[in-house]
Amino acid sequence: MSIPVMMTIAGSDCSAGAGIQADMKAAQAMGVFALTAVTCVVSEVPGLVRGIAEISPDLVADQVSINLEHFPVSAIKTGMLYSPAIVRAVCDVLKGRKLPIVVDPVMIATAGDRLMQEEAIDVYEQCLLPMASLLTPNLDEAKVLLRRTADITSTQMAESAALLACRYSCPVLLKGGHLEGDCYDVLVDKQGAVLAEWTRPRIHNVGTHGTGCTLSSAIAARLAAGDSLIDASDKGLAFVARAIKEHIHWDSPVPMDVLYRDDV
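Heads up: the sequence shown begins at 1 in this note's numbering, then just goes up one per residue.
Hints were generated in silico from the structure; no laboratory data involved.
Glycine is no exception: its CB is placed at the ideal position from the N, C-alpha and C atoms.
One should not assume that every hint holds.
Stated by the list, open to error - Derived pair list, reagent style DSBU-like, types lysine-lysine, alpha-carbon separation capped at 30 Å:
#1 245 to 95
#2 235 to 143
#3 143 to 190
#4 143 to 95
#5 245 to 235
#6 190 to 98
#7 143 to 245
#8 235 to 95
#9 245 to 98
#10 190 to 235
As the list claims (entries may be wrong) - Between beta-carbon pairs, the in silico distance windows are:
#11 95 to 144: 31 to 37 Å
#12 2 to 150: 44 to 50 Å
#13 155 to 114: 37 to 43 Å
#14 144 to 50: 38 to 44 Å
Given these sequences and hints, build the entire structure.
Laid out in structure tokens, this is it:
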């Protein structure tokens with residue numbers, strides 16, 4: 001039996017709600033095998049980031065390289081890259097590869113902690129984003145990339161996505177999960193034209209963590225399986241929505257969040 005293969009290049013989350021742990025769960029649920037290249041080890045639980053240890057950029061690059069050498073990788077997702085050196089190391093290995101690359105610009109945790117060094121952002125924009133087949137920012141990340149200080153409203157989302165698409169010459173899926181009211185997401189092509197929009201009722205009284213990781217990995221997995229960008233995005237968004245709706249919860253000193261199940 002042949003199974004599609006994707007690779008996630010991201011941080012490790014010890015609570016398994018985000019990072020490569022979430023990526024692997026999402027890929028499996030999408031019917032795809034996930035390889036991993038670990039960039040950082042993060043000590044965190046939902047709502048609290050307590051420590052970040054960076055992996056050697058050379059070792060990060062070698063993880064990416066050895067996976068590409070030994071497996072039929074059909075798509076790549078990048079998540080937490082953290083430092084300028086890691087961004088450069090990853091880009092050096094990926095340069096010239098004819099593979100879909102889904103870039104989840106992991107910059108700020110849900111808890112508000114910074115997950116990318118400030119000095120890494122310029123390198124990220126210069127080296128990685130020109131390679132992207134899809135950029136999947138949330139509203140806070142879009143503000144950083146657009147150098148905005150004011151919040152992006154629902155009526156400004158399509159325009160903001162178009163600005164990002166034109167700036168980086170890649171399709172953009174701008175996620176509106178941080179909005180009040182219904183959840184709204186918009187996908188634009190690299191010229192900024194709207195390809196698809198989704199609106200879903202918000203599920204209340206659920207604390208989420210790792211939804212962006214899960215979504216980008218689910219999309220990369222479906223691209224690896226041969227889906228179009230619109231279909232892959234649709235399936236990824238539907239998967240995350242169902243996972244939130246059917247979440248698992250434990251009583252804990254730190255409120256636990258969505259844990260993604262293979263059967264959703």
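Hint check:
{"no.": "1", "hint": "245 to 95", "result": "39 Å, violated"}
{"no.": "2", "hint": "235 to 143", "result": "26 Å, holds"}
{"no.": "3", "hint": "143 to 190", "result": "18 Å, holds"}
{"no.": "4", "hint": "143 to 95", "result": "27 Å, holds"}
{"no.": "5", "hint": "245 to 235", "result": "15 Å, holds"}
{"no.": "6", "hint": "190 to 98", "result": "17 Å, holds"}
{"no.": "7", "hint": "143 to 245", "result": "28 Å, holds"}
{"no.": "8", "hint": "235 to 95", "result": "28 Å, holds"}
{"no.": "9", "hint": "245 to 98", "result": "36 Å, violated"}
{"no.": "10", "hint": "190 to 235", "result": "21 Å, holds"}
{"no.": "11", "hint": "95 to 144: 31 to 37 Å", "result": "24 Å, violated"}
{"no.": "12", "hint": "2 to 150: 44 to 50 Å", "result": "49 Å, holds"}
{"no.": "13", "hint": "155 to 114: 37 to 43 Å", "result": "28 Å, violated"}
{"no.": "14", "hint": "144 to 50: 38 to 44 Å", "result": "23 Å, violated"}
When the structure is compared with the earlier hints, violations turn up for hints 1, 9, 11, 13, 14 and for no others.
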